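Undergrad: Chains as they are written, first to last, in my numbering: chain B, 64 to 212; chain C, 64 to 212.
No lab work stands behind these hints: they were computed from the structure.
Take the hints with a grain of salt, since some may be wrong.
Pairs involving identical chains hold if they fit within one copy or between any two copies, as the list cannot separate such chains.
To be verified - Calculated cross-link-like contacts (lysine to aspartate or glutamate; reagent style DMTMM-like; alpha-carbon spacing at most 20 Å):
1) LYS180 to ASP82
2) LYS199 to ASP131
3) LYS190 to ASP82
4) LYS200 to ASP131
5) LYS90 to GLU197
6) LYS155 to ASP82
7) LYS190 to GLU109
8) LYS199 to ASP92
Quantities reported herein were computed from a predicted structural model and do not represent experimental measurements.
Number of protein chains: 2
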Amino acid sequence: MNKYHYPSVAVDIILEKDDNLLLVLRKKDPFKGSLAIPGGFVNEGERVEDAARREMLEETNLNIELVDILGVYSAPNRDPRGHVVSIVFIAKIISGNVTAGDDADSFEWLSIADMIKNRRVAFDHIKIIEDYREWKKSKGTFWSSKQSE
Amino acid sequence: MNKYHYPSVAVDIILEKDDNLLLVLRKKDPFKGSLAIPGGFVNEGERVEDAARREMLEETNLNIELVDILGVYSAPNRDPRGHVVSIVFIAKIISGNVTAGDDADSFEWLSIADMIKNRRVAFDHIKIIEDYREWKKSKGTFWSSKQSE
Numbered sequence: 064m065n066k067y068h069y070p071s072v073a074v075d076i077i078l079e080k081d082d083n084l085l086l087v088l089r090k091k092d093p094f095k096g097s098l099a100i101p102g103g104f105v106n107e108g109e110r111v112e113d114a115a116r117r118e119m120l121e122e123t124n125l126n127i128e129l130v131d132i133l134g135v136y137s138a139p140n141r142d143p144r145g146h147v148v149s150i151v152f153i154a155k156i157i158s159g160n161v162t163a164g165d166d167a168d169s170f171e172w173l174s175i176a177d178m179i180k181n182r183r184v185a186f187d188h189i190k191i192i193e194d195y196r197e198w199k200k201s202k203g204t205f206w207s208s209k210q211s212e
Numbered sequence: 064m065n066k067y068h069y070p071s072v073a074v075d076i077i078l079e080k081d082d083n084l085l086l087v088l089r090k091k092d093p094f095k096g097s098l099a100i101p102g103g104f105v106n107e108g109e110r111v112e113d114a115a116r117r118e119m120l121e122e123t124n125l126n127i128e129l130v131d132i133l134g135v136y137s138a139p140n141r142d143p144r145g146h147v148v149s150i151v152f153i154a155k156i157i158s159g160n161v162t163a164g165d166d167a168d169s170f171e172w173l174s175i176a177d178m179i180k181n182r183r184v185a186f187d188h189i190k191i192i193e194d195y196r197e198w199k200k201s202k203g204t205f206w207s208s209k210q211s212e
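This is chain B alone, in the form it adopts within the complex (with noise of 0.2 Å):
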């Protein structure tokens, strides 16, 4: 983490298939036990794109191509460690099949109405997946003092 006065660059990245989304269920804090779109820091000079198809692979075994940023969500307080820009990409499979790695216990296939309901989501993600599902019907992107439609 900077402690530095900077703010750090992180990456998430929604992937959806069957109507279902791919959540990590996380086994460190912070939100340890909490559900969380999958993603993590940008390395320096490394493209954020570079990280994105990085941390994916590392952490789910996926190959992943990028159609879209979704919005780049910057709150302060959004994580409890520090702030934290994180750039959200919306991405779909090329090629793998998912698989536990270093961060996470688990992971989960769920719907966007179950994940908001039902369980705790870690950092901001509930309002990130608000913003996806508003993407769904109009496209635009998305910051953190956007309101949704």
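Given chain B's structure and the hints, the job is docking chain C onto it.
TA: Just chain C, lined up with the frame of chain B:
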């Protein structure tokens, strides 16, 4: 700038009026004497959308409304000072008249064609403007390694 091996975060803002883009003639290095889209760095604890509005007000004296995110540009060589991830917003003017601020000698309203053909342009802002031209036709979002159609 960030010396501690994390990418820095910046915002740039595309503002079009009467078929012209608002550009700044840079009075500082890097790219002193070149044209650029207005923008600047995001502070820790500041949302990217707030940074975009603040930078425009500081640099140009314009109050803006954010319309969409064009893309996120993060090629590690795009800024000679280090790895800068830039979130590019498309905006429209709410109020104000353009006046020069701290970071720019002067402003110009230039057509996209004039910008691309005739002038020195800073950073990867030619690529950004080409993506914006594509966005005007068919929307979508863009990143450094994505090819415009």
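Undergrad: Please go over all the hints and tell whether each is borne out by the structure.
TA: Hints, verified against the model:
1. LYS180 to ASP82: Within one copy, since 16 Å is at most 20 Å while 46 Å is not.
2. LYS199 to ASP131: both (11 Å within a copy, 16 Å between copies)
3. LYS190 to ASP82: For LYS190 and ASP82, only the intra-copy Cα distance (18 Å) is at most 20 Å; the inter-copy one is 35 Å.
4. LYS200 to ASP131: both (14 Å within a copy, 16 Å between copies)
5. LYS90 to GLU197: neither (29 Å within a copy, 42 Å between copies)
6. LYS155 to ASP82: within (13 Å within a copy, 36 Å between copies)
7. LYS190 to GLU109: Answer is between: at 18 Å across copies they meet the 20 Å cutoff, but 27 Å inside does not.
8. LYS199 to ASP92: neither (31 Å within a copy, 42 Å between copies)
Hint violations for this structure: numbers 5, 8, all remaining hints satisfied.
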